[in-house]
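Trainee: Take the sequences, apply the hints, and build the full model.
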Amino acid sequence: MDRSLTAAPGYVEAAPAPLSLAEVARARRRRRVLITGYLYLLPAAILTGIFVYWPLVASGILSFYEWNLVSPAWVSVGWQNYLELFWSRAFWLAVINTGKAAGALTLFTVLIPLVLAVLVLRASPRLQTICRVVLFSPAVISMAIACAIWLWMYHPLYGVLNSTLRLVGIEGPRWLSSGDWAIWGIINVTVWKTLGFNFVVFLAGLLAIPREMQEAARVDGASEWRVFRHVTWPILAPTTLFVFLTTFILAPQNLFVPTQILTHGGPNEASNNLGYLVYQLGFEYFRAGYASAAAMVIFLIFLGLTFLQFTLAERRVHYGG
Amino acid sequence: MVARGFWVHALLGLACLLIVFPMVWMFSTAVKPPHEIFAGAFHLWPETFTLANFHTAMTQVPIVRLFLNSLVVAVGVTLAQALTSILAAYACALVPVPGRNVWFALFVATMMVPFQVTMIPNYLLMSKLNLLNTYAGLVIPQVITGYGIFMLRQTFKDLPRSLVEASILDGANSWQTLWRVVVPATRTAISALAILFFINTWNQYLWPLLVATDTHMKTLPVGMQEFVNLEGGTNWGPLMAAASMAIVPALGAYLLAQRYILESFLTAGLKE
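As they're listed, the protein sequences go chains Y and L.
In terms of my numbering, the first sequence opens at residue 13 and continues consecutively.
In terms of my numbering, the second sequence opens at residue 111 and continues consecutively.
Simulated from the structure, these hints should not be mistaken for lab results.
Quick reminder that beta carbons are idealized off the backbone N, C-alpha and C, glycines included.
It cannot be assumed that every hint is accurate.
Heads up, incomplete: computed chain L residues facing chain Y, CB under 10 Å, no partners named [stated by the list, open to error]: (1) 155; (2) 194; (3) 250; (4) 335; (5) 350.
Mentor: Here you go:
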């Protein structure tokens with residue numbers, strides 16, 4: 013094939029020149045390398061096709077049908093599912109709640125771990141180890157189990173939260189069945205579960221900063237705040253941005269388990285969110301087409317946010333060096 | 111100076127207490143008799159110590175079976191994900207395949223597809239293949255991870271080129287080079303990633319919730335929820351006992367190998 017490119021014009025029809033034995037061997041080896049190369053890619057390519065890309069397309073197709081998961085007939089409804097979604101109260105509540113939760117999660121699980129990581133560097137090495145082990149421990153247990161524990165702690169009558177509040181004369185709220193509190197009950201569990209991971213990430217970032225730099229600033233008479241502001245923060249900023257963006261983008265996905273176990277999106281959709289909505293529509297209301305429309309909308313939102321993350325992170329890395 | 115040191119320690123101590131309290135409260139509830147559980151009082155240490163909740167938990171729900179299911183699924187998914195990641199990452203990093211960057215981009219892009227978007231078609235596929243309530247149905251749709259391919263390609267690329275070239279010059283083909291040179295040289299990174307895969311699968315909830323509806327095919331986090339809303343209200347004592355039993359292996363492994371597990375989260379969980 014290479015030879016036909018180098019051949020002079022007018023010789024297109026000419027018979028190929030006889031190949032030397034070495035050339036034949038090389039060509040054969042090249043073809044074999046090519047085939048083995050594709051063989052390595054094959055399992056991943058097939059599996060990604062079947063379990064990610066095809067479902068994505070199938071969801072898109074299904075979103076234009078009405079189907080209850082069992083009936084043999086799919087009824088084509090055009091854009092009806094999307095229209096219904098955009099006119100439904102549950103969808104907009106889910107959008108608002110997801111935004112609220114993503115904001116709160118980002119605030120709490122970035123700010124608190126950052127402060128704790130800065131503080132822990134001043135503690136004794138012994139306390140440093142204890143803090144690291146303890147704060148990270150919720151990260152290794154299952155979110156479903158964490159939710160079971162908090163479900164019990166939130167119990168309005170016998171739960172430890174309200175019985176302790178009662179000791180000081182406060183009647184605590186019904187944490188999970190009150191429209192005002194339910195979403196915060198979910199956010200709280202998620203903070204408890206994910207805070208330690210970000211703490212460890214920040215700690216690693218801080219430990220990577222050469223101690224001499226901070227010492228030098230202190231010797232020069234800089235206050236602790238100025239040391240943080242001018243030495244620590246510039247180096248830590250890219251880590252913070254990374255943690256900030258991943259926390260924000262993963263928020264809708266992290267909300268699913270607590271919502272399913274603690275509130276089922278209730279009361280009256282008050283704690284519904286985008287992570288839960290698709291499951292609810294598909295597997296509780298058995299409206300596969302409608303659920304797929306919601307899934308496609310979430311996919312587009314998610315894609316936009318990820319794109320934003322990449323552009324922001326790219327810019328930040330260039331500034332941060 | 112002393113005052114500031116005090117506040118640093120007080121604040122850190124408080125944070126640790128708040129984090130650890132729910133787990134302590136779980137263990138405490140698990141060993142309390144019902145009248146103490148429903149006393150609505152703050153007693154960390156039970157007045158009467160009992161193992162009855164553990165007994166109830168074991169007899170009402172097949173805990174051992176759930177544990178075994180979790181183990182089979184987690185080991186299966188971990189091995190399969192490691193294998194597919196190693197093969198694809200090797201091709202994308204070290205084997206001269208035309209268009210490998212396009213393939214790599216296609217693999218990595220799967221990370222941007224939220225699970226909720228693919229779950230309905232995947233569920234339908236498993237249902238059509240009669241794989242609901244089977245180990246195959248629990249494992250197969252998860253055997254691919256864009257994340258693993260992404261991490262391992264970087265690891266393989268960072269290997270000294272001379273190492274791979276020397277092996278080829280010695281007459282090894284690419285398959286032998288992979289298993290005799292590349293994988294042994296990167297086994298720390300691979301095992302760190304495998305630990306992460308294992309913990310994630312062990313803890314996952316949504317997919318097994320959809321696929322395993324028979325009690326004897328459920329995984330631990332899903333099966334445990336049977337105590338919630340049993341007729342006559344949630345059975346808090348046995349639920350906390352089951353939660354304790356479910357947590358102990360993960361927590362125990364973490365405490366024993368915490369330095370190593372933290373490191374794998376950090377090295378495998380971060381880009382740099």
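Trainee: Each of the hints needs a verdict: does it hold here or not?
Mentor: Evaluated hints:
no.: 1; hint: 155; verdict: 14 Å, violated
no.: 2; hint: 194; verdict: 5 Å, holds
no.: 3; hint: 250; verdict: 8 Å, holds
no.: 4; hint: 335; verdict: 7 Å, holds
no.: 5; hint: 350; verdict: 6 Å, holds
Hint 1 alone, counting from the list given before, is not met by this structure.
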